[in-house]
Amino acid sequence: MKRTEKIKIKLIGIALPILLLILWQYVVSAGFVSHHILPLPGQVLTTLVRLFTEEKLILHIAISLRRVIYGLLIGTASGFLFGLLMGLSRTAEKIFAPTFHTVRQVPLIGWIPLIVMWFGMNELPRILIVAIGAFYPTTLNTFSGVRDVPRRYKELAAVYGYKGFKLIRRVILPSAFPSIITGFTLSLGMSWVLLIAAELLIETIAGIGKLIDVGRDTFNMELVVAGILISGLLGFTMTKIVEKLVQAVQKGRVFEQEL
Amino acid sequence: MIKNSLKKLELKDKLLALIVPLLLLAAWQSAVSLELCSPLLLIPPLTLLDTLLYLADSGELTINIIASLNRVLVGFLIGGLSGFLLGLFMGLSPFLDRFAGPLIKASKQVPQFALMPLIILWFGVDELAKYVFIAIGAFYPMVFNTYQGVSTVSKRYRELARVFDYRGARFLTKVILPSAMPSIITGVRHSLGLSWMFVVGAEIFGADTGLGYMMAAARNMFQIDIVMAGLVVIGAIGFSINFILQVIEKRLLVWRFSSDQGASK
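Read top to bottom, the protein sequences are chains A and B. Following numbering that gives the first Met the number 0, the numbering of the first sequence begins with 0 at its first residue and continues without gaps. Following numbering that gives the first Met the number 0, the numbering of the second sequence begins with 0 at its first residue and continues without gaps.
Looking at chain A on its own, in the form it has when it is part of the complex (with noise of 0.2 Å):
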């Protein structure tokens, strides 16, 4: 009964993609819309398959997958630190939170005719700015986890003497984990977008946002929709294994609990 309900849910959720396609083929084939504008669902897919069996799409992959890394380092590793300085030191809070609120107000992109101003249109700007977008959603995490660590827990720490690194890695860090964590994830999405923005604003040779660009220049528009769907599926997978290894690690302090 159970079982039948779940593929029930699981049936209505797909019956609308579904339907769309059927629409999409129908527009288009019943001539409403020309294939120029709208290529068929048979197109895009033969585009995909060709661009998966060609190694150029790989390389576009990888590209843009070493930027979002670079970035993304660079970005939560800073953004968690800061964020842990501000959350463990008040006097650190009330020096840097209000600038750090000021600055963040800037909308993300706009920061790209400065950066490459600074550095040029070569790969360190782009990453720059996936660097930018990582950071915020880390730190603010980072910063409110540590700071809503309960009382209970550190004075337990105090009574065993915990203090300085041996107090931030036993008690601290732990129990901002799931905070930091949800930081991180967020870091990723924002990273993703902020790469394909740079990929299309700074020019570049490369990339998923450039080949969905290129498809444009060229009014292929196969390739724009390929390029949409890989990125899309590209961010799913990335969120999908975080996930997992978040999953992973949460399983693994569970079982030390219990322990």
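Quick caveat, the hints were computed from the structure, so don't treat them as lab data. None of the values given here were measured: they were computed from a predicted structure. Even for Gly, the Cβ is constructed at its ideal location relative to N, Cα and C. Heads up, some of the hints might be wrong.
Here are the simulated DMTMM-like cross-link-like pairs (lysine to aspartate or glutamate), alpha carbons at most 20 Å apart as the crow flies [as the list claims (entries may be wrong)]:
#1 B:Lys104 <-> A:Glu242
#2 A:Lys93 <-> B:Asp12
#3 B:Lys11 <-> A:Glu92
#4 B:Lys173 <-> B:Glu248
#5 A:Lys93 <-> B:Glu248
#6 A:Lys209 <-> A:Glu122
#7 B:Lys6 <-> A:Glu122
#8 A:Lys165 <-> A:Asp147
Computed footprint of chain B on chain A, listed as stretches where at least three residues anywhere in the stretch have a Cβ under 8 Å from a Cβ of chain B [stated by the list, open to error]:
#9 4-14
#10 211-222
#11 225-234
Only part of the chain B face toward chain A is listed, based on derived beta-carbon distances under 7 Å [what the hints assert, rightly or not]:
#12 Leu15
#13 Leu40
#14 Arg97
#15 Phe122
#16 Met196
#17 Gly200
#18 Gly234
Put chain B on the given structure of chain A with help from the hints.
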């Protein structure tokens, strides 16, 4: 006496908050005075102020601000409103939730900037394309937060509403919306924030007015003063939008805080 010491504390906090800006300003000024970096890349703080005044005075700034704000407003209204309605209905109807929810969640995986080339091919390079792009940015936070707020309306409220025989519009305006309001306002805030980012992106990508355009054009002509001035202006507007919404939030949710206090007594 307590009041006095509180005031002292507040003053101390304000002074602490000034440390970083002042240090940055000092570093900036000395980097310029000591000629540590090219004047092409960094202008003195006072020159930035001059540039801002000049841009404001020439009317250029006003035109571009109005162009950007106009796009944000239209895009946000389209995207925010449709997100709100869809979120509301999905929150009210489990069927619609199961029907449309998976597709909306899946489509959010696409980084929205990837859609910009497609939107330009479909809608051209004029205003409509920008409205659509901003609307897509505004849509997602609104739909998720409205849904969140509506679907988590406490069961007690719904039951009480049934006892009083509240139905239709009355049920919506008296029970569902007030209860979902905090979440909806969060949605508006995120949605407007994203709209503000998306308009700048769309204008850098291709436009002939707007703050993003102003900065992109200045970058091409290597006018660092205008790029920096633009950054200050978009930051200030982003700040104001957020500030205004916080004030509205406090006003609208006043009942919430007061009822909390009542409950604690």
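Evaluation of the provided hints:
1. B:Lys104 <-> A:Glu242: holds (16 Å)
2. A:Lys93 <-> B:Asp12: holds (6 Å)
3. B:Lys11 <-> A:Glu92: Judged against 20 Å, a Cα distance of about 13 Å means the pair holds.
4. B:Lys173 <-> B:Glu248: Measuring from Cα to Cα gives roughly 18 Å; hence the hint holds.
5. A:Lys93 <-> B:Glu248: violated (24 Å)
6. A:Lys209 <-> A:Glu122: Judged against 20 Å, a Cα distance of about 14 Å means the pair holds.
7. B:Lys6 <-> A:Glu122: violated (49 Å)
8. A:Lys165 <-> A:Asp147: holds (18 Å)
9. 4-14: holds (count 5)
10. 211-222: holds (count 6)
11. 225-234: Result for this restraint: holds, n = 7.
12. Leu15: Holds - the Cβ of Leu15 (chain B) comes within 7 Å of chain A, reaching about 4 Å at its closest.
13. Leu40: With a closest approach of 6 Å, the Leu40 (chain B) hint holds.
14. Arg97: holds (4 Å)
15. Phe122: violated (11 Å)
16. Met196: With a minimum Cβ separation of about 4 Å from chain A (threshold 7 Å), the hint on Met196 (chain B) holds.
17. Gly200: holds (4 Å)
18. Gly234: holds (4 Å)
In the structure shown, a violation is registered for the earlier hints numbered 5, 7, 15, in ascending order.
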